[in-house]
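**Q** Letter by letter, the chains look like this.
Number of protein chains: 2
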Amino acid sequence: MLKRTYEDQNCSIARALELVGERWTLLIVRDALLGLRRFDEFQRSLGVARNILSSRLNRLVSDGVLERIRYQERPERFEYQLTAKGRELAIPVLALMQWGDRHLSEQPPRIARRRGDHSRVRAVLVASDDRIVRPENVQVIPGPGATLGSARRSR
Amino acid sequence: MLKRTYEDQNCSIARALELVGERWTLLIVRDALLGLRRFDEFQRSLGVARNILSSRLNRLVSDGVLERIRYQERPERFEYQLTAKGRELAIPVLALMQWGDRHLSEQPPRIARRRGDHSRVRAVLVASDDRIVRPENVQVIPGPGATLGSARRSR
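Top to bottom, those sequences are chains U and H.
For what it's worth, our numbering labels the leading residue of the first sequence as 1, then goes sequentially.
For what it's worth, our numbering labels the leading residue of the second sequence as 1001, then goes sequentially.
Derived from the structure by calculation, the hints contain no laboratory data.
This one's a predicted model, so the numbers in the text were calculated from it and none came from an experiment.
Errors might be hidden in some of the hints.
Here are the simulated EDC-like pairs of lysine to aspartate or glutamate, each with C-alpha atoms no more than 16 Å apart in a straight line [stated by the list, open to error]:
# : chain 1 : residue 1 : chain 2 : residue 2
1 : H       : Lys1085   : U       : Glu136
2 : U       : Lys85     : U       : Asp63
3 : U       : Lys85     : U       : Glu106
4 : H       : Lys1085   : H       : Glu1067
5 : H       : Lys1085   : H       : Glu1106
6 : U       : Lys85     : H       : Glu1136
Let the hints inform the model, and build the full structure from the sequences given.
**A** Spelled out as structure tokens, the structure:
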């Protein structure tokens, strides 16, 4: 039988993908990082069917990535804002953007910069001394939450 | 009609997701970063149907993320190694892992460390001066590859 989920994977990447790996979900987070807040704004940006967008937004709210906030009383209207947990997705999202910029786009469609001085921002790996570590100098090993299976897989 | 692709999105994140956003694909990259190389190793680690694994591996090879290398002549046997382009996915993959560790796992199932001194490695955003930028201090704006639509979306 074909597995539909990553449930039996003891892995924080698999858990993150269960939540944000679904088609459109990371693009909704991208749009929220760009400042979009209202259903119709997301809908226009993504061109996705309204029922799909609605189910993705609800899922992100119930998982604590977005917060649904009423901005008008009569008639009631709501907008979606990233929570602190959601804002932290800026790191993987910008890391993916940078990889796509380098390998899949001729010119970067978007640029990430630091507020204030507008210095270009990039995603990197750093060690405890805050020095940048190149991908080939990173090792991944079993951690304290490892099960036998995932420990055996790592080497 | 329900859209099946992100093709009309002028966005490096959407392009990256077209390539690595499919179920299992980023977990194959994770396993490759952990040192797995052979079909049966991936199959055992992921517990995914062989035909699905096979199609995902072929896609990653044709997209230049993995390289298929013959390690035995009779009978012919192949293994899969990350290319330089594939190794760069360590940044988004470890950024996702870190987010999952923080929000979705009690204890980290895996730890990323620097080869040599074993200092813990984390994914961060830095500006041109290599100083760390917090997610709330990042702005995303239209870049040189922006089209009118994506420019209008950004603000």
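**Q** Now tell me if each hint is right for this structure.
**A** Against the structure, the hints come out as follows:
1. H:Lys1085 with U:Glu136: 11 Å, holds
2. U:Lys85 with U:Asp63: Given pair U:Lys85, U:Asp63 holds - Cα atoms ~10 Å apart, limit 16 Å.
3. U:Lys85 with U:Glu106: Given pair U:Lys85, U:Glu106 is violated - Cα atoms ~32 Å apart, limit 16 Å.
4. H:Lys1085 with H:Glu1067: 10 Å, holds
5. H:Lys1085 with H:Glu1106: 32 Å, violated
6. U:Lys85 with H:Glu1136: 11 Å, holds
Comparing the model with each earlier hint shows violations of hints 3 and 5; every other hint is respected.
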